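Below are the chains, spelled out letter by letter.
Number of protein chains: 2
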Amino acid sequence: MKKYSELSQDELIKEKEVLSNEYKQWQAKGLKLDMSRGKPSVEQLNLSMPIFDILDGKSLMRCMNGVETRNYGCLEGIVEAQHLMSEIMDCQPEQVIVCGNSSLNIMFDTVARGYMFGFGGCTPWCKLEKVKWLCPVPGYDRHFAITQHFGFEMINIPMNDDGPDMDMIEDLVSKDDSIKGIWCVPKYSNPQGIVYSDEVVRRMANLKPAAKDFRIFWDNAYAVHHLYKEKCKILNILHECEEADNPSLVFEFASTSKITFAGGGIAAIACNNANRQELKKTLTVQTIGFDKINMLRHARYFMDVESVDEHMKKHAKILRPKFEMVIKTMERDLGDAGCGTWTSPKGGYFITYEAPKGTASRIVELAKEAGVILTPAGAPFPYHMDPNDSIIRFAPSLPPLEELEQAADIFTVCARIAYLEKLILAKA
Amino acid sequence: MKKYSELSQDELIKEKEVLSNEYKQWQAKGLKLDMSRGKPSVEQLNLSMPIFDILDGKSLMRCMNGVETRNYGCLEGIVEAQHLMSEIMDCQPEQVIVCGNSSLNIMFDTVARGYMFGFGGCTPWCKLEKVKWLCPVPGYDRHFAITQHFGFEMINIPMNDDGPDMDMIEDLVSKDDSIKGIWCVPKYSNPQGIVYSDEVVRRMANLKPAAKDFRIFWDNAYAVHHLYKEKCKILNILHECEEADNPSLVFEFASTSKITFAGGGIAAIACNNANRQELKKTLTVQTIGFDKINMLRHARYFMDVESVDEHMKKHAKILRPKFEMVIKTMERDLGDAGCGTWTSPKGGYFITYEAPKGTASRIVELAKEAGVILTPAGAPFPYHMDPNDSIIRFAPSLPPLEELEQAADIFTVCARIAYLEKLILAKA
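Order-wise, the sequence lines are chains A and B.
Count the first sequence with my numbering and you get residues 2 to 429, in order.
Count the second sequence with my numbering and you get residues 2 to 429, in order.
Isolated chain A (complex conformation):
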């Protein structure tokens, strides 16, 4: 079969007719499929149900150092949970503060802290004329929503295969002291599944920002979320920052939302001692302590990182066929046609489809009208503005495999129609 780009106008129109008929057949089915968010499936949620047998009405509720989990106090979280999260985050337990149920909430609070009280004795950002933020793109829409909410100017940083464009980042942060931070998802990045290379992590740790209060927001959301036996590894950013004599440069975040329950797990922040002491000055005013009972439940359920690994293998077993099916469908339907490209991630929650320029919004629109809700085109970019209108984040986790098959079929029909429309218009 020829590539679409090599077809004549007649051939294009004919191909579009075939696909439009197929599209109408899908529409007639009246499906309602939601691929918009990276939510775990019910099957995955069921994996963690035994965690509710960990505590019962007769459980001992003190943790190993005697802290009563049912009462106030213990601002940094119980030691067992610090230990668990440090294993997941590949850092030291004493670098970790275990918080509530949402790492996004910790990230928001951390930005808010810089905004209200400032970092390292610098002027709080709310007192500055302008604050800028670096946003590797495509990236996580909820990150960008935070920095947009604060009115920061977001600067797109292109992603390479091994992480964000470090030349550009080094250049920007060294010159402009209004740049105060960068969002990073260093492993199995949202949405491309990119794993930062050792070089990228080292260059990140060795940044020499003009702003003393510049911070890397290292969202290690998919630290243990491998799809395959091969576990991609990244360098320990806290360690690299210390080595680079930049120990306060980074805040790292993680949660068990996609290990146990989305929004029902525990979340944590890790940083060096200086950042930690500063953080605690606000935290001790903000709360008497986070939910230690859920920490205890998690820490007793996952006795060590091996049991986390075993658990994550079960997730992978459910997720892998979904990812592979979607990718196979794309290869089958879009490969020969030369219609866009897609990622084949080794972990994480997303497949990124890069459509022919200018067709992403149209694909999302077509899919919607055939009953498939995709993440809005543009969502993985600051201000929802994809300069090429080409990136679509595909979230295969939530639906059962059977529904996902339908969604993938519909998706490739929509992608081809949108591309054909574009080509036909260009030749008209």
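No false leads were mixed into what you were given.
Note that identical chains are pooled: a pair holds if it fits in a single copy or bridges any two copies.
With a straight-line cut-off of 30 Å between C-alpha atoms, the simulated DSS-like cross-links for lysine-lysine are:
id, residue 1, residue 2
1, 131, 281
2, 213, 128
3, 133, 282
4, 329, 4
5, 281, 128
6, 33, 281
7, 369, 281
8, 133, 281
9, 213, 131
10, 128, 282
11, 128, 176
12, 59, 318
13, 131, 282
14, 3, 423
15, 25, 3
16, 282, 369
17, 33, 282
It should be emphasised that the hints constitute simulated quantities derived from the structure, not laboratory data.
Keep in mind that this is a model prediction, so the values were computed, not measured.
Starting from the known structure of chain A, arrange chain B on it as the hints suggest.
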């Protein structure tokens, strides 16, 4: 027996010698008793242990309207939990947003929201030269810590028997648009156990603040925390604000921290629709949702407000003898001597002892040296400054009755010694 104030110098010295001997005997015991914080006792925590049998590995995890509690979403909390918290807060379920484990955290976040983004379209407080806050005193130290952390100027408002001095409040807020809020604990106030009268609540709801973004922070922490059969009631502030055509004036807060587990319960904010919509604009950026599983556990454990009432009776049964013993000890040892006054609250967590002027710090110091940790003198005041050095917050909940008896005995010895020292010095 004569009042201390009527004793001669010789009699004072003699009395002091007797008490100093008693004090030394206490010191010799090397006790370590902590009365500093209003923590529930282990016996109270045990009351709620059956809540851990509510969910097990086989439970159905969807709530009544089908929301999956183990997955993301449902920003306002599950309907069952909204209902439960609305019963506790005496308001409408649709006014409630159920959040995480800590109402203090919600209060901090709400102040932070006014500071960063502003209320009702007004200038965010971080952009203002000066922000002032009204603080009924004595009050809750953690409230004052929040407004101090933001650098607000705190203004003391004297408490009367039926709530704060409304004349002063009305006068201040009507004149000064830099006053942006007031802390209130309207029922069984911390630390005096005062219950706001209907008149105080109505006058509060009818305030005409110069600042359009003035808000009442209504911390209904002890809404159902009665010590006796008689349940003190307060007017519904949200309703009164509506009646007064002031519907956006108030944020109400509550939690189950002293119903189930301190720091392991659920917390909520209630407000009118305009405040709610504004709040949600930030909340939706801040988090994908709070822990719905703990909400489900609580909502299923407390099927209705009657079951909360029954549960609170069990708490009262444990707490009441502690309160009564302390008060009885004060009456016995301090009454005839005319050494200070104390409250006899009908609910809540504290007894307030008002020592003879200028002796509170000394009492706390003496108690500490005899092994009894009290809340620091001054703590119930902004900047920890008690203008009369006379208020001591006594928290009888945590220790077992036997330890509490010792603590109360030591306390009254210390209170008398401090008073005697003062009287002797005055006559010297």
